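Asks: Protein chains in written order, with the numbering used here: chain A, 1 to 420; chain B, 1001 to 1439.
Source of the hints: derived by calculation from the structure; they are not laboratory data.
Take these hints with a grain of salt, some might be off.
If the Cβ cut is set under 10 Å, some of the chain B residues that face chain A in the computed set are [said to hold, decoys possible]: (1) PHE1038; (2) GLY1050; (3) GLY1186; (4) GLY1256; (5) GLN1258; (6) PHE1274; (7) GLY1277; (8) VAL1278; (9) TYR1293; (10) LYS1389; (11) MET1423; (12) TYR1426; (13) SER1429; (14) LEU1430.
The structure presented is a predicted model; accordingly, all values stated were derived computationally and were not measured.
Heads up, the beta-carbon is just placed ideally off N, CA and C, and yes, glycines get one too.
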Amino acid sequence: MTSAPDAPEQGFRLSQLIYDTRYRSLTIQAIVFILVMGGAAWLVDNVIQNLNDLGKDFNFSFLGQRAGYDIGNAIIPYNNDMSHGRALLVGLINTLWVSFLGCVAATIIGIFVGVLRLSKNWLVARLMTVYVEVFRNIPVLLWILVAIALLTDVAPSPNAYKVNQQTGEAQASMLLDSVAFTNRYTAIPSVHFDRSLGSLDTALAPISLNFLALVIVLIASIWVNKRMLTHAAKVQEATGVRPTMWWKSALVLIAPVVILAIALGINPEEPQIKGFNFTGGTNVSNSFVALWLGLSLYTAAFIAEIVRAGILAISKGQTEAAFALGLRANRTMSLVILPQALRVIIPPLISQYLNLTKNSSLAIAVGYLELRGTLGGITLNQTGRELEAITLMMLIYLAISLSISGVMNVYNNRVKLKER
Amino acid sequence: MSDTQAHSVAYVRDTMLPQQPAPAGQSGAVQWLRENLFSGWLNTLLTLLGVALIYTLVMHFLPWFLHGVWDANSIKECRTIITDRYGEGATGACWAVIRERWHQFIFGFYPPELYWRPILTFLLLFVAVGPLLFTWVPRVLAWFTPVYPFLAVWLLWGGSGWTPVMIFAGFVLGAAILLLLSPRLGSIMAFSIGAFVAILYFLFVVGPLIGGLQAILPWGLESVDSAKFGGFLLAITLGVGGIMMSLPLGIVLALGRQSDMPLVKGFSVVFIEFIRGVPLITLLFVASLLLNYFLPPGTNFDIILRVMILVTFFAAAYIAEVIRGGLAALPRGQYEAADALGLDYWKAQRLIILPQALKISIPGIVSTFIGMFKDTTLVVFVGLFDPLKGIPDFIRADFNWKGIYWEPFIFVGAIFFILNFAMSRYSMSLERRLQRDNH
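In isolation and in its complexed conformation, chain A is listed as follows (with noise of 0.2 Å):
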């Protein structure tokens, strides 16, 4: 329409800025732009004259000031005389902490419940159907909260566990001999080493020489199984015939890390009650054993729908052609129905754990520090730098939500069926 060669030849009048389309859209997000870039300027100014009003001014040098309060559960070294900046460096990486250790937990529940929920076992379906929905439609405050009052108030203190010197009996035993709830903490077994390589100094925090060791030695482990398996696969294409591999690759990748470890030493050292408390071992606080449960527990409903919905949107006739073409079930299973569920399944969990990220800042109803409670809790009451804390924890929590839905993208782009 715009090239039809007999359009009126005019000069450009100020009307066409708006009925004519080659211009509009111009026209409309230049207003846009001019109202967006006004209202911004209107916040901006009234911020700067709610600063002024109040003698504050607009500056992050907080971050190096002595933060003067401990924190219970510190991952990396820390003291009350360290800064602000550590501090929330601290709530960081606490917050990352429980989110990755509530990824795996829920991930690993989820698939439980959602493969069972499946299940052709009537009772177990339905109570599993149960969990869910409960779990589902129920805030997840309520869970975390649930969990807090069962450790404080059910849970024993740790005298319980102490035998009684007549009875040779103790009024409460830990689960499996290693893992013990107290109302104040709970006791769990810890890896100890006998030998130590020493340690490395970072900025952020030593870093136990045996554990890079042996991380050292699994990756290089797999990088050898990779390459292994590459080389199985030329020679079935060179002669038709797959060497046997499964036992090599388990030697591979097993072997040299049990073979360092029991080198280094390596021996659990479960929690022993001497006197009052519970030594040897770690004692985990309770505030953070409720917010990863919570957490764990409510994501696990959402997880294992998803699952289950990755699993029945793969059509019965896959496993049929499968099966048709004279494959086995469980080739059946890793090379058809896993590939195409996986696609379903992955990026609604992927979006899960970012909620599960995000709900972690509930930390707060238990008193659990994390990035909002160092940061945007004890940090920004002290200083009286609400602008400056609350933006900095939003640009963080953003800057985490952005990675994660990044690492989603590059997934989906790897996954996505190669149409025409």
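Got chain A sorted already, so can you dock chain B onto it with the hints?
Replies: Leaving out everything else, chain B in the frame of chain A:
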């Protein structure tokens, strides 16, 4: 089989054998048990584990439930009664707290003599959303839907009766200008003028007008302060209000994100991704701590309104994504057909695209609403009395009910469960119905 044969050939049976019952193991309860519970060792093991789990749970919780006490004035009294009735060491639920304080869980601190107002608002909500959600509701009721938000706000907060009427009049004024002028000036100009006049009306005319009318002819309801809101009244107000206000914004954002104009698209994407990338709790902190910085000095308004604004933004970002899914699910042919008919952008959206896209999006909108409704419990962290933590904490502050945890959890959890479960079932049935409609 003919008669002749039957008579002539002795060994041919001419009557059917009576039907035999299936073998005992292959019919009835036994067969059902065998197929559904005990087929194979793994299934048997799972069944036994399930039975053991149910048994433990019931054995733990049933006595506690059965020993419940409804008639007491404090937790101490509850415990005494339970010990008296069931012996030393017996445990039991103290439902008396629910009996005494149920109105706080439901209405917060709303004046008891005015309870009819929130109840009426809640009932009218169904009249308002009925025509949208259920096909069997008479279409005539649809006129009530746009009136409802104004009526609901007035019923809940009270105040002069002229306020909702005059604010509604502002919208009517804008719409009237749009309708009158659009044949002559085209929809864009008419919309701009209508919006401009309406904004002028809201900024300069509506305040004095209400004041004047109230002076001449005063009528209205007793006003109720926002601080009195709490419990499920607060949760439902925030949830429903947030979703209702976020729908128009969400539609605009979804259309913006689908737009060909890079600037409009860019702003929409940034807004949506920013809101979806941060936890609601940080947005609530913005509402309680930062909103005062962003507004002109001296502005200080109601905390519920501030929270509602941020909740609306939050919901709008999620609704926008749901509607974008609906828009994307429409076949390309619908857009092309609208173009072929010569409809302009807004006409095409209004008459062809949005009615279909919104219809597909309703299940997603309901799920977003369920999520929102659950998330309203987070307002406790900005000092409001949500039903889950705010109200129980308040009740526990009373010496009589110090240390009561489980009964409020169960009561509030059950109400949340019933409401959300009903909504999710509705959304599922709708999904099935829509699937059938499309094919």
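Asks: All the hints need checking, so say for each whether the structure fits it.
Replies: Structure-based check of all given hints:
| no. | hint | verdict |
| --- | --- | --- |
| 1 | PHE1038 | 9 Å, holds |
| 2 | GLY1050 | 5 Å, holds |
| 3 | GLY1186 | 7 Å, holds |
| 4 | GLY1256 | 9 Å, holds |
| 5 | GLN1258 | 14 Å, violated |
| 6 | PHE1274 | 6 Å, holds |
| 7 | GLY1277 | 4 Å, holds |
| 8 | VAL1278 | 5 Å, holds |
| 9 | TYR1293 | 5 Å, holds |
| 10 | LYS1389 | 7 Å, holds |
| 11 | MET1423 | 9 Å, holds |
| 12 | TYR1426 | 13 Å, violated |
| 13 | SER1429 | 15 Å, violated |
| 14 | LEU1430 | 17 Å, violated |
Comparing the model with each numbered hint stated earlier shows that hints 5, 12, 13, 14 do not hold.
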